[in-house]
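**Q** The opening residue of the sequence shown carries number 842 in the numbering used here; numbering runs sequentially from there.
Hint data in this document are derived by calculation from the structure and do not stem from the laboratory.
From a predicted model like this one, the values you see are computed outputs, not experimental measurements.
Note that CB positions come from ideal geometry on N, CA and C, so glycine has one too.
Treat each hint with caution, since some may be false.
[What the hints assert, rightly or not] Distance windows between CB atoms, simulated:
{"#": "1", "residue 1": "Asp871", "residue 2": "Trp843", "range": "26 to 34 Å"}
{"#": "2", "residue 1": "Asp853", "residue 2": "Glu873", "range": "28 to 36 Å"}
{"#": "3", "residue 1": "Pro877", "residue 2": "Trp843", "range": "42 to 50 Å"}
{"#": "4", "residue 1": "Ser854", "residue 2": "Leu874", "range": "24 to 32 Å"}
{"#": "5", "residue 1": "Trp843", "residue 2": "Tyr863", "range": "27 to 35 Å"}
{"#": "6", "residue 1": "Pro878", "residue 2": "Leu858", "range": "35 to 43 Å"}
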Amino acid sequence: MWFWILWRFWHDSEDVLGHFPYPDPSQWTDEELGIPPDGED
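With the hints as constraints, model all of the structure from the sequences given.
**A** Right, here's the structure in full:
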């Protein structure tokens, strides 16, 4: 039984967790990532 539960969760996790848009890392700013400006030492 646990095999079936884990198999379904692995392959169809959206049924349990719901669907959400995956964030696009290319849209993140340096400030959001904690990267200091280039001129700052």
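**Q** Against this structure, judge whether each hint is valid.
**A** Tested hints:
no.: 1; hint: Asp871 <-> Trp843: 26 to 34 Å; verdict: violated, 45 Å
no.: 2; hint: Asp853 <-> Glu873: 28 to 36 Å; verdict: holds, 32 Å
no.: 3; hint: Pro877 <-> Trp843: 42 to 50 Å; verdict: holds, 48 Å
no.: 4; hint: Ser854 <-> Leu874: 24 to 32 Å; verdict: holds, 27 Å
no.: 5; hint: Trp843 <-> Tyr863: 27 to 35 Å; verdict: holds, 28 Å
no.: 6; hint: Pro878 <-> Leu858: 35 to 43 Å; verdict: holds, 37 Å
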